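Enquirer: Assemble the complex: chain X is given as a structure, and chain L must be docked to it using the hints.
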Amino acid sequence: MQLVLSEDQELIAKTAADFVAERSPLSRVRELRDAGDATGFSRSLWKEMAELGWVGIPFPEEHGGAGMGLAELAVVLEALGRNLAPEPFLSTVLLAGQAIALGGSREQKQAWLPRIAAGDALLSLAHQEARSRFDLGALETRAEAAGDGVALSGEKVQVLDAGVAEALVVPALEAGGISLLLVPAEAPGVSVEAQSRVDGRAAGLVRLDGVRLGADARLGAAGAAGPLLEAVVDRATVGLCAEMLGAMTRAFEMTLEHLKQREQFGAVIGSFQALKHRAADVFIGVELCRSAVMAAARSLDAADERAAGLVSLAKARCSEAFLHAANEGVQMFGGVGMTDEYDIGFYLKRARAAELTFGDAAWHRDRWARLEGY
Amino acid sequence: MSTSATPEALETFRRETGEWLDANAPESLRGRGDDPLNGVWGGRRWEFRLPDEKLWLERMAEKGWTAPQWPREYGGGGLSGAEEKVLRQELKARRMPAPLIGFGLTMIGPTLLQFGNEEQKREHLPRVCRGEIRWCQGYSEPGAGSDLASLQTRAEDDGDHFVVTGTKVWTSYADQSDWIFALVRTRHEGARQEGITFLLIDMASPGVSVSPIRLISGSSPFCETHFDAVRVPKRNVVNGVNGGWTVAKALLGHERSMIADAFGASSGGSGRRKTLPQLAREYLPGSDGRIGDAVLRDEIARNEMDTRALMLTVQRSRDAARAGHQPGPESSLFKVYATELNQRRYDLLVRLMGPQGLGWEGPGFAESELRTTREWLRSRGNTIEGGTSEVQRNIIAKRVLGLPD
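From first to last, the protein sequence lines stand for chains X and L.
Final position of the first sequence in this note's numbering is 378; the numbers increase by one with none missing.
Final position of the second sequence in this note's numbering is 503; the numbers increase by one with none missing.
Keep in mind the hints are simulated off the structure, nothing from the lab.
Keep in mind it's a predicted model, so treat the numbers as computed, not measured.
Ideal Cβ placement from N, Cα and C applies to all residues, glycine included.
Don't take every hint at face value.
Claimed, not checked - Per label pair, the in silico range of CB-to-CB distance:
| hint | chain 1 | residue 1 | chain 2 | residue 2 | range |
| --- | --- | --- | --- | --- | --- |
| 1 | L | G116 | X | Q6 | 38 to 48 Å |
| 2 | X | R310 | L | L382 | 24 to 34 Å |
| 3 | X | D12 | L | S315 | 48 to 58 Å |
| 4 | L | E380 | X | R146 | 29 to 39 Å |
| 5 | L | G422 | X | R310 | 27 to 37 Å |
| 6 | X | H281 | L | Q212 | 29 to 39 Å |
| 7 | L | E473 | X | Q6 | 48 to 58 Å |
Chain X extracted, bound-state conformation:
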């Protein structure tokens, strides 16, 4: 494992950085929020990202993808994360897309992956339930035998991009285990209600009321898709961490710019040692995150058996470091940091939302301990 960008990755990073600087300023996020945009992102920009090849990065070439890994995707997500770009990488590519790529039949892959990679199909994974917290197995949604297939009932919350997804991957209890079912949003019995979140990301309540599905709707085996779900969420977690890395880096840059320009008591406030030392601690946190995210992505790409521990390391670190960078940012901006007019608040909200997605730091430390046998 080499913790350094390859030439190809450097090139992707450069393209992504230029694209983000030019096409995806933070003001876009503010405008989408203020307009009450139900989609929550730009469909045309998504299409452009697909044309650049980014949406298909982790999918096999035979299914319209680039056949690259998380290490490459992470480079793009970090760049997008800098300006909190809300495009649906997490829901469509990292969650539902990876579920299909890892657990789907040949037909399912051929039906969905080329359309996902082309930026034409939007999907999501409905793993979160009102009482499940971070436990992927704590499900109340059930799939019960009905004719040749199943009938699916339950309620899912905070399903990312639920309003625009044309299909949802739904974990449900079946035969004492977990099944993953691919549910068309149009299917009778599916209803979606938009939710409003602190970070402004599009999400919805999904109610499933006796939704009838054929056996061919399953990803993986009946009642045995728990490991598949965990593998998918591990991948998505690394993707989220890459986004968080970009966002915390940018939040810290903004804070440093402020420290170098704001004057009080006749001096630039960045000259005060109390603030310097705190800034140094934010810097240390960000640098350690970068190493952990790079290692986690590379070890998943290499199918290393210890990858899960590195994923938890990355998520635990990023959860704390991003929130730390954002909290210190608001504090160091002072009063204006509390105003909606300034951008630092967007980072604080995103930091909290990202922290509480796929397990917070304490949850991942507990997972690390379990994986290490203590």
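Expert: Below, chain L without anything else, positioned relative to chain X:
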């Protein structure tokens, strides 16, 4: 010996090195390579614990392999970086200790190679390589700690000699060393940094005296070294009179990375010490093999994960260097983070032991418990020595983050 070794040449070197080691490495020393600090420090006062240690040192010094990468004319082995790596791998494969350790090899040697004149290199380096002279460092003073440039040990001009008077503190192993490299004041006016000279002093000179320092953790290698009108020939000035600060800075940077490396290596678990989770299971047995106390389990996991994150960051820095990139900003965090992490680790260890962590000496406490408690106290110095954490954060703020003075 080729410097741009082809893979084939390197394999030949590996084979020949292996053969030589098989013929010359004393069997009795195998397995003594596990604790790097328990090695042979050399010097006039050194007493070999085993006759084979002397033999091993002589044989390796003959090959130049006590300082494998130094030029041959100064007693080194003239090896390339790749060849030295092969040598280390072959030594490790045979569990052989380094024949010689100490500040001569790690500090004054590299400094003289960079800043010394030909005469100094010829006089001192071969004696370091053969383990004949043990060196110590004289930087800090009672009145000059973090603010090293305020040092007051004075060297007065007396023709072809300087006359040195003053006190140095934290001179590790000074009581067992033969020579000291010291910073002394040769000018009292102007910028403080520009009045400092780097001087090599024979500790057998009249007027040098040494007294050991007792720490909160008990006896220690640290000493106070006093100079009372000690006459030092001017040819022992390195990098010119008043040119010492440049040398000192280069050496300090080297020392900090050494400290961070040492912590990185030790926290990786050399196999000699038990890990935090192992100790936790002993002191806090829980059901189903998990650590019984959920709060301590969380702290242990945090410490283990932080250690891993630091090691990955050290690796990232090395990988970037190998790929030909400039050193990244991440290397500036190693010292501060590694030392604070080590302190958190010892804090946790003592709390894990509970009342058994209160032993100072004597009955009722395991040897490992007594040692851990002393090490906890000693670890408090980690964030002071080699540049305090506060100074390190100032450096990060200024050099990496660009915050103004």
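Enquirer: Against the earlier hints, flag every one the structure doesn't satisfy and list their numbers going up.
Expert: 1, 4 and 7
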